[in-house]
Amino acid sequence: MGYVAIRGGGTAIKGSLEALEALRAAEADEGTALSLNTIEHQLRLLTSRILSEGGLYHPPLAALAIKQMQGDTLEAAFALRAYRSTKPRLLTTPVQETEGMRVIRRISSAFKDIPGGQMLGPTTDYALRLMRLELADESPEVFRGIAARFLADTPSEALPQTFPKVVEALRRDGLLPASPPGQGEPFDITREPLVFPIPRSAVLASMARAETGSLLALAYSNMRGYGDVHPTIAELRVGYLPVLLPHPVTGEPVEAGEVLMTECEVVAMYESDEAGAVPVFTLGYGACFGHNETKAISMAVLDRALQKGMKDGPSNPSEDPEFVVLHVDGVDSMGFANHYKMPHYVTFQSDMDRLRTTQIKAEQKKSAQKKGQPE
Amino acid sequence: MNEPSPSTLRRDWPRLLLTLPAHHFSAALREIKEQCQVVDLALPQAGLALLQLRDGALAEPYFIGEIPLARAVVRVTDPEGRQSEGAAQIMDDRAGLARDIAICDAVLAAGLAGEELIHALLTQGTRLRAQIDAERGALLTRTRVDFSLLDGVSEGNDL
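Chains B and Z supply the protein sequences, listed in that same order.
Residues 1 to 375, numbered by the working numbering, are exactly what the first sequence covers, in order.
Residues 1 to 159, numbered by the working numbering, are exactly what the second sequence covers, in order.
Treat the hints as calculated values from the structure; they're not laboratory data.
Think of the CB as a built atom: it goes at the ideal place given N, C-alpha and C, for glycine as much as any other residue.
Treat the hints loosely; a few may be bogus.
Reference excerpt, derived from the structure (chain B facing chain Z, CB under 10 Å, subset only) [said to hold, decoys possible]: (1) Gln118; (2) Pro279; (3) Val280; (4) Cys288; (5) Gln307.
Sample of chain Z residues facing chain B (criterion: CB under 10 Å; computed from the structure) [stated by the list, open to error]: (6) Trp13; (7) Leu18; (8) Leu58; (9) Pro68; (10) Ala72; (11) Asp93.
Some chain B residues well away from chain Z (every beta-carbon gap over 12 Å; in silico) [what the hints assert, rightly or not]: (12) Leu51; (13) Pro177; (14) Ala256; (15) Arg354.
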């Protein structure tokens, strides 16, 4: 049996796309098409996820991808990546320092009195996981007044927009290794193939656009016991990072815009130094576009685990750069899993032929053994 | 409440102008383009930029992802023959918007004809920016943790 030609596939595919679109609009007369603004603001954490997994900070397009893919995060990230691949790259920014982030949330589980203080910001950390049934039938008037009331009820107190980083205080106290700023050119995962061993910058870039659940699963494996990172969050911050680019005429840094991002530094247990140096804590780092704390924390835990793996050799999967980096990308892994839906008629036909031949041989062997046996 | 004054620093102008919806520019820019000669010193472009950050653990640079970027460089000559070069690099998809902001930059930098129109835009942008900053500030002010209360109630029993 050879290649199986299919007739009528084109019509079926066209119909499937129309069926998909029909289900998107199945509310009919009662429905209203979602505006991108609504998705971007009311589903802001979902939008954040697509921004980071798509690897492109473009909130309106992330919202469009969510709408187009009907909430499928993997497909939405795929669409955003496909979009970015069609655009020319105009430049690489100078290194941006995240101390300049305009913070909306900042916490530490290492110290209560961090320089500048802790601000919980917008978080579900302390929310009861009980259904708020009143949201099921929310009046437009009440909805529109929520943000205005929040602002009106806020005392006018001018707090700074930027804050010093907690790890720098630990560094000054000699509890962390001194880290002179690295100068090397980072690895560009969008232009260069990953050939192992890879530099840490490639690991960080891969994890920054990794699928949240995949990062969480591997980090969880380490925290639960297949590893030894017991992290303390030195600082978790969410805020808007101004992107500064040199003015083409004056050369002076000018703000091109800002990027909402989440950043986390975790402190892990100190290591004794065989060379006799003073022992210090070790650090892990995580960051991603948008507001996604689970991702930033997971990335920081994995960064710390992978630093150990790269130094001493991996003793569990989460310390192995190849295992982690090649299995956390949502577009890659989703694509591989879903390609099994594509026709495999020829390979399966071959599998069946081999099975039937093996079955015949097994029957023949059995018969021969029976004949050879004494009655 | 006093009206905040717009920044006179060139590095702040794009940020303030970008706070405004693009259609706010159209009337002012139309007038300036009618009065002045605008020459593109580089083709206005829209595309992406690779965003490079420094990590907070080992201070190594890495790429977190890409951002949209539009840019333009122009020379503006006003009716009195005064010339100025202006430029813009903005996080946006619209090369035309970058060109408009580059024109504003050139006009403001040398006080060319139409400067007052751009100043009016900067004032609007400053007002909107202050509103955004107040909204973000409220997220901090309303959620600042006061650990002194914890110390007073349960000394040495913090979580």
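Verification of the hints:
1. Gln118: holds, 4 Å
2. Pro279: Since the shortest Cβ distance to chain Z is 17 Å, the answer is violated.
3. Val280: violated, 12 Å
4. Cys288: holds, 7 Å
5. Gln307: holds, 8 Å
6. Trp13: holds, 8 Å
7. Leu18: Z:Leu18 check passes; min Cβ-Cβ to chain B is 7 Å, inside 10 Å.
8. Leu58: holds, 5 Å
9. Pro68: holds, 5 Å
10. Ala72: holds, 9 Å
11. Asp93: holds, 8 Å
12. Leu51: violated, 8 Å
13. Pro177: About 8 Å separates B:Pro177 from the closest Cβ of chain Z, which leaves it inside 12 Å; violated.
14. Ala256: violated, 5 Å
15. Arg354: The assertion about B:Arg354 holds, with a minimum of 46 Å to chain Z.
Comparing the model with each numbered hint stated earlier shows that hints 2, 3, 12, 13 and 14 do not hold.
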